[in-house]
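Chains as they are written, first to last, in our numbering: chain A, 1 to 214; chain B, 1001 to 1386.
Simulated from the structure, these hints should not be mistaken for laboratory data.
This one's a predicted model, so the numbers in the text were calculated from it and none came from an experiment.
Be aware that a few hints might be false.
[Stated by the list, open to error] Stretches of chain B that chain A covers, calculated by requiring three or more beta carbons in the stretch to come under 8 Å of a beta carbon on chain A:
#: 1; region: 1192 to 1198
#: 2; region: 1227 to 1240
#: 3; region: 1243 to 1251
#: 4; region: 1264 to 1277
[Unchecked claim] If you want the ones that stay clear, here's a sample from chain A, every Cβ over 12 Å from chain B, calculated:
#: 5; residue: Glu-29
#: 6; residue: Ala-99
#: 7; residue: Ile-117
#: 8; residue: Asp-118
#: 9; residue: Arg-156
#: 10; residue: Lys-184
Where a beta carbon is used, it is the ideal one built from N, C-alpha and C, also for glycine.
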Amino acid sequence: MRVVIAEDLFLLREGLASLIKQHGFEVAETVDNGPSLLRALLEQKPDIAVVDVRLPPSYSDEGLRAALEARHQVPGLPILVLSQHVEQLYARELLADQAGGVGYLLKDRVFTDEQFIDALHTVARGGTVMDPEVVAKLLARPSNQQPVTRLTDREREVLALMAEGRSNSAIAQRLFVSEKAVSKHCTSIFAKLDLPPDDDDNRRVLAVLAYLNS
Amino acid sequence: MDDMTITSAARVRRLPRLGWGALLAPVMALSLTLWGVHYSTLTVVLLAASIWYLAPAVAADLLPIALINLGVQWIIGAVTLARGDVGVPAGLGGLLTSFQSIAASANYPGSRSHFLITGSPATSAPDMTTAAVINATAGLAVVLFGLWLVPRTIGVHTGLVKRNSELSSRVAKLTATRIDAVDTAALELRRVERDLHDGAQARLVALGIALRAAEGLIKSNPDAATALLSEARENSAKALAELRDLVRGINPPVLAERGLGDAVQALALDAQVDTTVDIHLPGRPPAPVESAVYFAVAEALANAVKHAHATCVHISVTHSGGHLRIEVSDNGFGGADPSLGSGLHGVERRLGTFDGILAVSSPPGGPTIVVIEVPCALSSPKTCSC
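The following block holds chain B by itself, in its conformation from the complex:
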């Protein structure tokens, strides 16, 4: 389907540039034949040019119809000429009639365009027959050319329409995922701010107070001061521990230092259940993708332990065909639904920013399989073997 879209889109792009000359040539030739160097010729050519430029899809529809119409009229004109009757057949309607009359007058002996076609003023009956044959042949060629164009221009038109609907659904999806991304980032910042405010910041305040108190006591009551100081030291260690946890929640150290493969391995090692991993990553995905995928895996793993009560989990990470694919399967109870829990839903929204998808198969009774797929390229292969 992608190939088709690309082909028709490419065709549309090429038409105004490459196909332009080829398609305008018959229009110009016809106009010249009909009117010679005349303002009507100029009008028709300019009209055709503007339609092609402004609305290629409309031109794509109109061009074969106009060509076939012209060709048919030309043939009818030729037949009329051969019969020696230059009258206009009735009942063909407005547009047809006008073309008919143009075609007929064009072939009327002594007219300017007739001169252009036949090369000499036609006055005799054999000349009339020759002119009729030439006109009929030319008309047939134009009709055939018009018919040949039909499937091609229809392809362009449907391609354009399809492309349009694809583009609008893409715009809708991008708008939605962009809102998600902004919301997620804002939520994340609020969480970080709250954690810092209630955690490390509060501990540092307590630390300052304890140090100040110890300062006052150091001469009068050295024992109490010592106790305060060791409390302060404990507080600083706790602040550090909290900051460490916070950093782990923002950008896990192993992920920053080693990338997705080792970070998933570290997750598996720290997991509360027996977790095996199978990682085939020849390079590193872009950092934002790595991070989103890492937290998706962490969430799936946590769910397996917390909700599905799994006793063993397997994680596989592969990259093929421009897609990063992660599968987290467990032997738990199953029954997970991304639309119910906010965890998996959040993960899905975060992956959506990268056009990634999350699929969950979790029948009641298990097993649960979570598949994460994100289109992405890998950067240069790892330089280190460790």
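Just chain A, with the same shape it has in the complex:
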């Protein structure tokens, strides 16, 4: 799989590149600023891009803007956004096009490389990966809006893990239940959120969106 990396700090950029190479990815290009990122994304059309939110020249949210613009021009272009901080606001912007293939993680998550590489695969496949911190913030917020209130506590737990981009088997492991039980919960969640039968990945994205918008 071909990867584009956008990160302005040299050490981190090189670290990311070598980590990704170790896991069998091919680094197509590394860039260190917003405008080159947009060009690289549109020219290379990588299988996945790893993008830092804050990039030169303005050191504001150049990376995020470039990623959103690239996805606007190439819908569903898989992008995993990394940042020193996670914001619900940015998460919503990334998810707004409902095309999937989006990840949003704290930079710390790179420490645990299995989790990071899993996330890369999930996003490249068109899945959605949200940082546990974003999900935790969402959980902390009392929701009085339908239809998420219809979910049971267990179903909310499953949905939260789904938002983090975990597969059914990973969720099963985490909740100490069988994979079959998880898939039952998923079916129930999709039904309660009025999500029509569809490709599973896409339904998972929509479920996460419903959750975010609750």
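Once you've looked at the hints, dock chain B against the given chain A.
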């Protein structure tokens, strides 16, 4: 009120430059008339000039009085002349008397100034009458000019006095807010230092110790070393999390990256209660104002949740007439008082640095409305639509 102050201030500034020639001209003309080219003329003109230069407010008061006085004396002199009596009327007092005598002598036939006014040595009675009429007319003109000046110079004077008191109250306010700003900054630095010392710094020390221990154990007890290393990794993640929180408290990332509008939106999204926002900002306020206002909104929102137990909050952000206005309203219990809680008081002091104000309406039982207003200009409009 502002316009008035500006007008009188502008008038005061203009007077020494523009009004100067016009106002000095009659003084000079009078002096020349009275004494001709004489050291008294020079003294009077120099005196008038110095008063105008050094104390325009005093000159503003003195000038019309002096002019009217001179005019009256001139008329009296003319009347006296017409009656053929050149004596000085008694009982007019020092200044009047001296002007009287000057005026009278000025009109005395054969005197130098009389020559200047009439153009020829007056010796006959008809000449005396003509001189009297000319003098009376000139006197009347001077009196009228003096009267015309009264409301204008009084305006200047009161303007100056008002301006002075305004300036001193402004200086007092600036001194107070400057002390507040310095105190706040010092407190903030102390907090940052303490947080770093107790948080990230301590974690990094623990990290170093764990790594050193793992180094020693790696050959003899690889399992223990591995455990230490994963503990070290956890510690580094915790240090990062603490640094993240610290940064959020100093300069929230969304505020730095997107500005006030999106930062308030992010606040609303992270709030523990249902929070709606309504933002109309065509550009970005200066960064220090953005920061002060952001923390003010955060404080108001936190109060709504923590103290007023609100279940829904509305935040509106607008900019009009050179003022940034933010309104945070909730449906909680009310009863908030900025003089009681240190939170809102701190916010008020921080806003004060920018001449901003914080108004709280919070009757017992609610609702609470917090209004924040800061005079500021917005920078160029956002270039991005996202």
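Exclusion check [Ala-99(A) not at the chain B interface, CB over 12 Å]: Given a closest Cβ separation of 16 Å, the condition holds.
Are there at least three residues in the region 1243 to 1251 of chain B whose beta carbon sits under 8 Å from a beta carbon of chain A? holds (count 3)
Between the region 1192 to 1198 of chain B and chain A, see if three or more residues pass the 8 Å beta-carbon test, and mark the coverage as holds or violated. With 0 residues in contact (Cβ-Cβ under 8 Å with chain A), the coverage given for the region 1192 to 1198 of chain B is violated.
Status of Ile-117(A), Cβ more than 12 Å from any chain B Cβ: holds (17 Å)
Determine whether the non-interface label on Glu-29(A) survives the test: each CB of chain B must be over 12 Å from its CB. holds (24 Å)
Within 8 Å of chain A (C-beta), three or more residues of the region 1227 to 1240 of chain B: holds (count 4)
Looking at Lys-184(A) again, its CB stays over 12 Å from all of chain B? holds (32 Å)
Just to make sure I understand the rule, a stretch counts as covered if three or more of its residues have a C-beta closer than 8 Å to a C-beta of the chain. Does the region 1264 to 1277 of chain B meet that for chain A? Held - the region 1264 to 1277 of chain B has 8 residues with a Cβ nearer than 8 Å to chain A, which meets the minimum of three.
Least C-beta distance from Arg-156(A) to chain B larger than 12 Å: holds (17 Å)
No chain B beta carbon within 12 Å of Asp-118(A)'s: holds (18 Å)
Checked against the numbered hints listed earlier, the structure breaks hint 1 alone; every other hint is satisfied.
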